[in-house]
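**Student:** Listed here are the chains, written in short residue letters.
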Amino acid sequence: MPARGPAVLHAALVGSAIAAWIVSLPATDVRGMTDYGLLSTLPAGYYVALALLTTSFCIAVRSPRHWGLLALHVVLLLVMLHATPAILYGTLRYPWAWKHVGIIDYIQRHGSVNQNIGELTAYQDWPAFFALGALIVQAGGFGSALAFASWAPLFNNLLFAAATMFIFRSLTRDRRLAWLAVWVFCVSSWVGQDYFSPQATNYFLYLIVLGVCLRWLGSREIPAAESVQRWVRSGRRAVQLRRLMVAGQPEGRVRDLAPQAPALVAIIITITAVIVSGHQLTPFMLILSLSALVVFQVCAARGLPLLVGLMTAGWIIYMSVGFLKGNLYWIVQSIGSLNIGGSTLSNLASASHDHAVVAQVTRLLTVLVGALAVAGVVRRVRHGHLDLAAVLLAAVPVLMVWGNAYGGEMLFRVYFFALPFLAFLIAGLVFPSPRSGRTWMSALLALALCAALLPLTLISYYGSERMYRFSHDEVRSAQYLAAHAPPGSTLVGLTTAYPWGYRNYEYYSYVQLGTLPPNEQLRVLRSPVQQIVDQMGSGGNGHEYVVFSRAQDAEVEMTGALPPGSPRALEDAIRASSRFREVYRGPDAQVFELVGQGGRA
Amino acid sequence: MTRLHRPWPLVMVASSLALALALVVGAHGPVRGALALWFFLTCPGMAIIGLLDIKDLLAEVLLAVALSIAIGMLSALAMALAHAWSADAATAALVVLTLLGARAQVVRR
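Residue numbers (our numbering), protein chains in the order written: chain A, 1 to 601; chain B, 1 to 109.
Worth flagging that the hints you see were computed from the coordinates, not collected in a lab.
One should not assume that every hint holds.
Partial pick of chain B residues on the chain A-facing surface, computed with a CB cut under 10 Å [stated by the list, open to error]:
(1) H28
(2) P30
(3) G33
(4) L37
(5) L58
(6) A59
(7) I71
(8) H83
Negatives, chain B to chain A, calculated, CB over 10 Å [to be verified]:
(9) V11
(10) V13
(11) A14
(12) L17
(13) A18
(14) L21
(15) V24
(16) V96
(17) L97
(18) L99
(19) L100
(20) R103
(21) A104
(22) Q105
(23) V107
(24) R108
In this text, a Cβ means the ideal position worked out from N, Cα and C, and glycines have one as well.
For reference, chain A alone in the conformation it holds in the complex (with noise of 0.2 Å):
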């Protein structure tokens, strides 16, 4: 334990830190919130919670040995970033994860998969996380995934967590340097990849493979001058390519588990068995990463790399060459379906201007994370330590990049994938070596990144939270559609920001009229009732509805999906025309059902 006077301060700091937290909850109210999200509402007493405890982390983290008071923080600064959403909204959050909720649904009813439906097809060919979800729903008798799905955000960060602290063990013995490294992580990873979803366990299992390859798997000989010369050629570049080898091993790795190699290694391609079936990028990933560590002999499980790409190929190959056809562009490109890019990098002239402070805000966390990285690269080298592993897997992600037509979306999910080690040479400097950074000067250092990096990642991670979170009216609505909506319906509505498609999803066709082109926008909103019965009739033998909904009209404003004023003036339109009746009505979604001429009502 710690010694009585810095206990006591941990017990009032972290202690007063849960009270100012578990006030701030009930004197937050959602639906006020603006284009700045869920900061726009919650209280000071909030801030104040992150603040305290974050001191109280700085201070801790100077004396590791306390590793179960450094982890009571970390817990907590997840509950309280992750944990919120959950308590305030009491519904699930993110539209993409209803959708996910559908598959597992569909392949509850069907006991299968179908890579034959036109929508969502990609979740049919990568279905690995839907089919274990289904089986813990039938298992637990649940009903459904939203029993539990909105808890994913703070499951799959505790899992992170705990993942990159695995790592980073593996990286040096420098325990403070681990646990801030944990910190700078979690006050750093705004890019919202952490919901319900295929991608996020991938990445927690892309984490552990890596794991396992740094902490048992290392080469336990680097090979000669000469034998590194048959590849760079130069003499010297040899010798330096050697020097960096040697320099780099992972400082905290283990040697004794030679016997478990083979079992290991086993684990390990069972895990990415796993990784090929459930996500498109993420195999690209760790082929990549894998790929860096055997050739700089960080990794000797050299058949490691090969062997997860003729995995990959032979899935993409055998069970997914149908999806391939039409959908190959958007498969590199693609984490899951969460376009962070498409409100951040893109159409900035026509979001708000709230929202477009949002944008900026995450460049500028993105860029500062790298620089610091560097900075942090510099300092731990000047105090002799290479993170040559770290440098590499920070690194590689970034290769991807190439590989994509729409590259200013895919910089986040490369920021995704490189953040866990650039935390980790952030963390380098404030404690640059392992008899550095003992006097309080290290605290405030600490408290000073974590100062400048929190705030920023608070803005870009909640900021649009608007259109992320479905009120209860909301949900409601969707319920409605999926009771009285029959089999081949069209439903039509402004934007994916509602809960599509989480109950028989199959059954209908989806026309979101924010993603028609711009000449077919203009043309719906010429002549609203006319042509949103035609977007009807290209898809639907049933009923037809139209939804509108706040988060919807909050995705118009936000990101300028459709012209300003848009989602009023083709609401009063359908109100207006008799081919229309109201069917649902509630104070944040209304839907109508098309009665009158082409209608079947």
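Using the hints, position chain B against chain A.
**Tutor:** Frame of chain A; chain B shown alone:
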């Protein structure tokens, strides 16, 4: 905490039998749900990881969770692709795997 003192076999046996009992008697409610989440996310992997001599608690738990997810996904994926879906059969198979792993760990001690 050394490996010998870790109570994994007891935890695995208790978790497996509790989930099996909940399924057999057709229990409903949050306890069964929590049991299922706990079992599928930790037990099958721990049945195998517990046989390795990993002295690091964090590494042991993380590998158990990752391997549990992998085993669960591969089992469910195989059933879905083979059009042979049975949540009860998959759960039973994983319960048997877990119990065998627990037994092997006790024997090794």
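**Student:** Could you work out which of the previously given hints the structure breaks and list their numbers from low to high?
**Tutor:** none
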